[in-house]
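Following the hints, position chains G and L against chain H.
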Amino acid sequence: MNTGAGAQAWGPMRSSPSVPGAPSQVSVPSPAGSALAHIRARHVIVLAALLIYPFVATPFFTFQIAAQSMLLGLIALSLMFLAGYGGMVSLSQMTIAGIAGYAVAIFGVSATPEGVVLGWPWWLAVPIAIVASMLVAALIGWLSVRTDGIYTIMITLAVGVALYYLALQNYSVLAGFQGFQKIAPPRLFGIDWRSPTPFYFLTLALALAGYWAVKYVARAPFGLALQGIRDNARRMEALGFDVTAHRVAAHALAGGLAAVGGVLLVWYNGLITPASIATNNLINILIIAVIGGMRHPIGPFLGALVFVLLQNFAIDLVNRERFNLVIGTGFLLIVLFSPDGLLGLWSRLRARLGSGAGKPSPVRRGGA
Amino acid sequence: MKSNRRSFVRTAIAAAVLSSLGLAAQAQETIKIGVLATLEGPFAAGGADGMRGAELALRERNGMAGGKKVELVKASSNAQPPVAVAAVRKLVEQDKVQIVVGPLSGGEGIAVKDYSKTVPNITIINGSSGAQATTLVDPSPNFFRFNNEGAQWMVGLGEEALKRGYKKVALISEDYSFPYSQVQGFMGQYCKLGGKVVEKIWVPLGHKDFSTAIARIPADIDALLVVLGGADAVNFLTQYEQAGGNKPMIGGSITVSQDVLNYKGKRREALLGTLSAGPNADAYDAPEWKAFVASYKKNFPDGYPSPGLFAVNYYINMKAALDALDAVKGDLSDNQSKYRAALTKLQLKGPTGTITLDHNRQAIGPNFVTEVAKAPDGSFYNKVVSRVEKVDQRLNLSQAEFDKMGIGTRDNPACP
Amino acid sequence: MSAVLKPGTYPGTDPRSGSVPKRSWRPWILAALWTPAVAFAIWALFFDNAKLFLLTTLNGITLAALYFVVAAGFTLVFGLMKNVNLAHGSLYLLGAYVGYFVGDRSGSWLLAVAAGFAAAAFVGLLLQVAIFRFMPGEDLRQTLVTIGISIIIADVFLWVFGAEVHQFDPPRWIFGSVPFPLVDRYPTYRLALLAIAVVLGVALWLFLQRTRVGMMIRAGVDDRAMLGASGVNVQLVFAITFAIGAGLAGFGGVVGATALSISPGEDTRYLLASLMVVIIGGMGSIPGAAVGALLIALAEQYGVAYAPTYGVVFQFAILVLALAFRPQGILGSAWTAGAKGRK
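Residue numbers (the working numbering), protein chains in the order written: chain H, 160 to 527; chain G, 93 to 508; chain L, 3 to 345.
So here's chain H without its partners, still in its complex pose (with noise of 0.2 angstroms):
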């Protein structure tokens, strides 16, 4: 994004995308009237093959490996985001989702030993948790963007990690190495949430919300100037964007979306304990990321699909005691020859039949 139009930062933006970089919009006149505008016969197919899914299905795969994947997908979609759009990428975005879960499980209804329940209802309960998840998001940003990007890797992991440590040790409040239990969705308009149909769709619902803001706030002028800073975040601040600002602002944003599939997450589990954002969980929502793409708002989707039929499914097909093996060699072998990850792989194949190249990713420029 080399034409800033303003030197407002939230003023209208014309773009043109010269800067080889990930995900970048060709033309917007206006964001909210584009959404409908770019709607294609491929997403009415998929949609349709989605809202038919959970009736064909077996409820295992409707709810372990399809909701599963779409709220796993939801917290890498707020990798994505960050790491896409912003060039910033987080190691903490699970622990943001566990934030949220452990809100809820806090606020909401829920059994532990030894911490703190307050048992509010829901609908003060999840906004609680999000906002709160929003706010720590923006602090660990505000903390990790201030210094060269590269840092925001290591001071995310850092901070994750330090995360994880004090719910275990804590145990007045967050019940420490047992956490809480017995943590459902509410049961509303007599449906339970919890049985696999339904909270498929409620899954399905959160994640396509989640999915169309990315790609509305992509072509909104905060995204464009957040893409312009991943770019170049010299000419940005020259041109009087506050690029700390925007950054921070960015970190908040893809909390929220973390925050929600972690709400989901802690309903999916029914249960919350330190091992939810344990490091390898940290890294799992990394490789789910990679593996998927971080070009499009679908990679981490796709990502979350082949790493959730791969855990349940790798027992069957390989030594279920080399999970880590394959999972890592997998996400190796896509860093190093496929750095879009499947979306990659897959625009890669389209160019080769001939129908336009595939664009570099965030992955293989500079740095993050």
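No wet-lab data here; the hints were simulated from the structure. Remember, it's a predicted structure, so these values are computed and weren't measured experimentally. Don't be surprised by glycine CBs; every beta carbon is placed ideally from N, CA and C. The reader is advised that the hints may include incorrect statements.
Said to hold, decoys possible - Computed spacing ranges between beta-carbons, pair by pair: (1) L/ASP224 to G/VAL290: 50 to 60 angstroms; (2) H/SER354 to L/ALA33: 56 to 66 angstroms; (3) H/ARG394 to L/ALA33: 32 to 42 angstroms; (4) L/GLY178 to G/ALA386: 51 to 61 angstroms; (5) G/THR448 to H/LEU347: 37 to 47 angstroms; (6) G/LYS389 to L/GLN237: 47 to 57 angstroms; (7) H/LEU347 to G/ASP426: 56 to 66 angstroms; (8) G/GLU493 to L/VAL162: 42 to 52 angstroms.
Just chains G and L, lined up with the frame of chain H:
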């Protein structure tokens, strides 16, 4: 796992064919039992040994129970509760097992017990998990546990410590729920009989340097109660020796286990005479235990020299699952109600003695107090000091005494 | 801000518009930090258990020695190559296991130390020559590669060595304890660890200050593009640095596992320690690593002694304070702060 599973299924089929020639019609019907253990992560070795125990119970009866062929379906977790629940859900909904044996660790046990309430037509029998709350708080009608839990494993130790003149002890332990249970199991009797635990040093999980914790140990104690496992136990023992520590030690159930006694490094003479307690003892000389060890060694030449805690627990729970199948002749109809009644009534003849269930479907079984001794070949082992029969979940205290105490936490119980 | 840059340009090439402005309220912050620390020390020494305080301090300093050994390699590699090597903990574990294998076969602890260093250095060299060389300037991609490698290495070790605990058998003369003023006796090995760290720190300093390669490395840390422009074989310097950095992790693996033990999971622990040390101390700075290691290790030990459940919170608080007031780390060079894309 596939190759293992396949070869195992093949063995089971071969065994079934050999043993039931002519009963082919009946043997056609299979009962599927899922086994969940931690085959990944730091508990992988323990999980693998648990699997061996479960397989052994089935191999001993040629893959048959209740006149039907039994197929084992393996599942794995990494000791994290959500992963365990996902694995059990896959066993139940995708692999269509009728019975699940597992999981291995405490947090997983509570989560799987909560899950079991959502699948009332499946029976879940614990693997090796030892959290008190699993059966004590809000028990589930279809979750059974035939192994004693973490607090029960320490019963008898307090009495023995006092017998040796250890009137004042300090505690050093990892800071999470399993050691809380272990400490309660020790203190229940110890405090009642007049012993004092003057200082409790809880070391956060993941903290490997014990030097400062050692500096906090008071000087005027008779012995040190050490409830640490694996690398933490080894690190502590090394550092305590280096710091010139010389108090006698009392160990938790996993503190002086085989893997700690014979870890890859130097042996510590200082450990000789260390008391500990647990549900099994390598040197127990009852014929059924010896037969069990011999069978384990024969079936798993690549296993441990002697079956570990996890192998014993998985064996016991799997044996209960199969014995009850025998009792109902493989009849799992009517939402398994007959099968569950048979489990509840079961007098399980395990390698360590007879085990029955209480009204929460929790084991009442024997426990051992042991002492580290040196074998003629120089290796260390745990010799049996005493054996406590029928240890229940109230730690053999009266209901009122136990209710007053509640479940063990950092500060509970206390007798400084 | 590397995200700002096209491949081939580096922060060091940016014209700087001056150093970090001095803030008038800095003395107040320092006072706010030091007063409670001094008050606590006085309370612990004169009104509480003085021996516990002294032992804890010693334990903190000797643990810092171990953290320094491990983190020095991390900060060196990062400082020169901007490569956040998240497989640093795996190299620690690699050195420890190889060292154990060699020590077990040969019966020599010193040989084990040498083998641990050599094995990790070799793998580090291999990584640089076979992989990272082909991704110049792609900081993020290099970091992702190291994450993949760390996952694989951890699982391979679990496969080969199992979950059993391994421990070294150090020579008699450094095992046990020696008389020590004020605290009666103190474990010999921990004092040896401190000596090792001091010798290593001085050796690294001499290497960086006095040798030709060392000067090239320092030049590269300050300005990578200029180093290349001045005709130096940058790839060679990178390879040497990566080998030394990785070797230090492997060396730390053996000396650390002798003090404690080797088991799965140690990789993450030492990676986290290294991260905290260099974030607090300042990335790319060897003295910074020493300061960071001291702060982290002392916080950890005082935590265990005086507030057992919240030791990690102290470390975390130090991390947040450091980031809030000195984002470039306590002894970090100015470019890290200046290279935010604001200048």
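Beta-carbon spacing of H/SER354 to L/ALA33 - inside the hinted bounds 56 to 66 angstroms or not: Holds, at about 60 angstroms.
Using the Cβ atoms, figure out if H/ARG394 sits within 32 to 42 angstroms of L/ALA33. holds, 41 angstroms
So does G/GLU493 sit 42 to 52 angstroms from L/VAL162, Cβ to Cβ? holds, 50 angstroms
When you take the CB atoms of H/LEU347 and G/ASP426, is the distance between them in 56 to 66 angstroms? With Cβ atoms ~34 angstroms apart, the hint is violated.
Kindly confirm whether 47 to 57 angstroms is satisfied by the beta carbon distance between G/LYS389 and L/GLN237. Since the Cβ atoms of G/LYS389 and L/GLN237 sit about 56 angstroms apart, the hinted range of 47 to 57 angstroms holds.
That 50 to 60 angstroms hint for L/ASP224 and G/VAL290 (C-beta), does it hold up? Holds, since L/ASP224 and G/VAL290 (Cβ atoms, about 57 angstroms apart) stay within the stated range.
Is the distance from the Cβ of G/THR448 to the Cβ of H/LEU347 consistent with 37 to 47 angstroms? Once the Cβ atoms are compared, 45 angstroms apart, the range 37 to 47 angstroms for H/LEU347 and G/THR448 holds.
Lying within 51 to 61 angstroms: is that true of the beta-carbon distance L/GLY178 to G/ALA386? violated, 42 angstroms
Violated hints, listed in ascending order, are 4 and 7; each of the other numbered hints is respected by the structure.
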